[in-house]
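Participant: Going down the list, the sequences are from chains A and B. Counting from 1, position 245 in the first sequence corresponds to residue 245 in UniProt numbering; the numbering is continuous, with no gaps. Counting from 1, position 98 in the second sequence corresponds to residue 98 in UniProt numbering; the numbering is continuous, with no gaps.
In case anyone wonders, no lab produced these hints; they're calculated from the structure.
So these bits of chain B aren't anywhere near chain A, every CB distance computed over 10 Å:
| id | residue |
| --- | --- |
| 1 | GLY33 |
| 2 | ASP266 |
| 3 | ASP302 |
| 4 | GLU349 |
| 5 | GLU362 |
Straight-line C-alpha distance at most 25 Å; calculated DSS-like pairs for lysine-lysine:
| id | chain 1 | residue 1 | chain 2 | residue 2 |
| --- | --- | --- | --- | --- |
| 6 | B | LYS37 | B | LYS16 |
| 7 | A | LYS61 | B | LYS405 |
| 8 | A | LYS50 | A | LYS61 |
| 9 | A | LYS21 | A | LYS50 |
| 10 | B | LYS135 | A | LYS127 |
| 11 | B | LYS383 | B | LYS242 |
| 12 | A | LYS61 | A | LYS15 |
| 13 | B | LYS242 | A | LYS216 |
| 14 | A | LYS12 | A | LYS216 |
Derived list of chain B stretches under chain A, where covered just means 3 residues or more per stretch with a C-beta under 8 Å from a C-beta of chain A:
| id | segment |
| --- | --- |
| 15 | 239 to 250 |
| 16 | 430 to 436 |
| 17 | 440 to 450 |
| 18 | 458 to 468 |
Each residue gets a CB set at the ideal place from its N, CA and C atoms; glycine is no exception.
Each chain, written out:
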Amino acid sequence: MSEHADRLRVKKTYKLYVGGKFPRSESGRSYPVSSPDGAELANAALASRKDGRDAVAAARKAQRPWAGQTAYLRGQILYRAAEMLEGRAGQFAEELADATGAEAHEALGTVEAAIDRLVHYAGWTDKYTSVLGGANPVAGPYFNHTTPEPLGVIAIVAPQDDPLLGLIDAVAPAIATGNTVVVLASEAKPLPALSFGEVLATSDLPGGVVNLLSGKAAEVAPHLAAHADVNGLDLGGVADAGLAASLEAAAAETLKVVRRPGRTGTSLDLLRQWTEYKTVWHPAGMAATAGGGY
Amino acid sequence: MFEYAPAPESVRPQIKEHYGLFIDGEFTDAADGAVFKSVNPSTEEALFTVAEAGEADVQAAVAAARRAQESVWGPMSGAERGKYLFRIARLLQERAREFAVAESLDNGKPIKETRDFDVPTAAQHFFYHAGWADKLAYAGLGADPRPLGVIGQVIPWNFPLLMLSWKIAPALACGNTVVLKPAETTPLTALMFAELCQEAELPPGVVNILPGAGATGAALVDSAVDKVAFTGSTAVGRAIAKSIAGSKKKLTLELGGKAANIVFDDAPIDQAVEGIVNGIFFNQGHVCCAGSRLLVQESVADDVLERLKARVETLRVGDPLDKNTDIGAINSAEQLSRIQALAATGGDEGAEVWQPACELPERGFWFRPTVFTGVQQSMRIAKEEIFGPVLSVLTFRTPDEAIAKANNTPYGLSAGVWTEKGSKILWAAERLRAGVVWANTFNQFDAASPFGGLKESGYGREGGRQGLEAYLDV
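Let the sequences and hints guide you as you build the complete structure.
Facilitator: Take a look at the structure:
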């Protein structure tokens, strides 16, 4: 380092990532974020209900075009995110060590696992449809075909104690399958997630596909759970069983698909979680061209 | 036009005067002695009385199912489980006519439909899932997928035996045991199925049948089951989803719909008209995936409507047991008044009503096939599920407008597309937010084909390889 010892370091303002932009909370609020040993790290934006609604609107706007991209392109964009994260592995290891108190080499190992996880899902985008769907041999002269389709907009309460890898484990399968997401980052450890927004912003990921909020789950999650334009709710990061139950009950009002806390599974299970099957029928053969049973 | 002579079905099934609850392989009366009666909706005559399950009966049935799952059905090899299901499928085929007539009597639907659709498709469901029982490792859900345990199942009255088969066949194939509540107006074929389980020597407790109404269903949902599978209204589905929030119970829901049936200007019009008729008048319109919103392209709307009305004029409404009957009785007085009330709002809100000049029987619950034209998206008949033989006709100018209107509903169960252009079918099918899309056909069902909805039509699939996910711990 050739810097002068007395050079003032330029610190980063950690902001939200919504619709491809990095806004502060519309509420103007922020909250201090510390390391486990009590050292102040930064102030993070304290997202409000309105930020949640803005994020859902951005996610909804982005969903149809994102699902309409080719699976190959979605895979390349996820791979690009892995490339961008690899290039900044040192920075993320440092942020992760600060956030969790992990040793430097341990934190770097987690970042590397996160990079590899992105690569894993990048390779799934053009395969899960063949693996999960298929042609069905119905007992009649019909072509019948089933494909998994994205649910739409997924609200995710990200894991609290695994602020980068846990976040990517929740987000990657949801967006690999053409959903868009609104993510509430770890409440006490939001900084790696917010920096991950910068990785996504430089990965050709269209704005709005991933929206990252920092703040309190108890404040923002109820609004996301009740939001009529959200199709799925991931409660993986909700530690409080009472809050999880009330969020699930709120989600039931519009019959959202809910992933309860503590659920685990293979990557294919996670890809299935945020898809639903569409089955298309068409008559095959001249005998079947009549419209119906009458 | 030739008239048809009456052609009544001559087979009469042995219907008992009274049926009990089916718990642990035996018929028994309710602990509190409650009974109710089932009525023939085409005559309003009582058919039989049946025990009404209360909370104590639910506990007993769930306990029996738990014992059977842990001691017999779960440990049994898949191949042996499958053989029981094959046996059930065969018995259903053997007794098909008896079940078809019983279903028609208890439900009011035409014998033509129970004979050619309900019962054969129910048998197919058992035959199809029987074959899965020893092949679950190949279902793409892990090397050794485990059953969930005891399943509580609540089914509707529109396809009583078929919905029972959609629920019980996959649950049993996957190694679960079941407690099933048939609808209060249509318990007959479920109780005959219980007798058939005895005939098949199915181990006691594997299948338990608890007739009853909403309170019985709520007690079943609240009981110590591992999973709830429900088919019925969105309002009840929502209440169930709320009531199990925070528990470990799993849930699949197959709820209401307001399907769009889209007819483009390049459609095969005569086939489309058949499909429109099948889409909304099949089973008196008591179909969650009914094509209740006809979206027809403006340039062909007059032609389609003229041919549609001419076709509806030929539909025969009346005695469900007459083999020529197209449209039978409405299932209950309650459903009839709901249809009447919603249909009345159509006229009040400015839509134009049309009905054929058909005669209706004097007794029983009947509603003429009804077509509303000039319907706007804001009208109740365009938004709410009527669950009756009532079609709302809307028009569109561009394909984009058709898709936007089709998707403008909180439901997402099914949709229809009519066009001779293949690329337009695939374009539309990809954009329609629905679990099932019928292109140049409508209301097709098969055990090998997953069925289920999106959004407020619920979640989970029934049928096909994908349907197994609902009954395995994955």
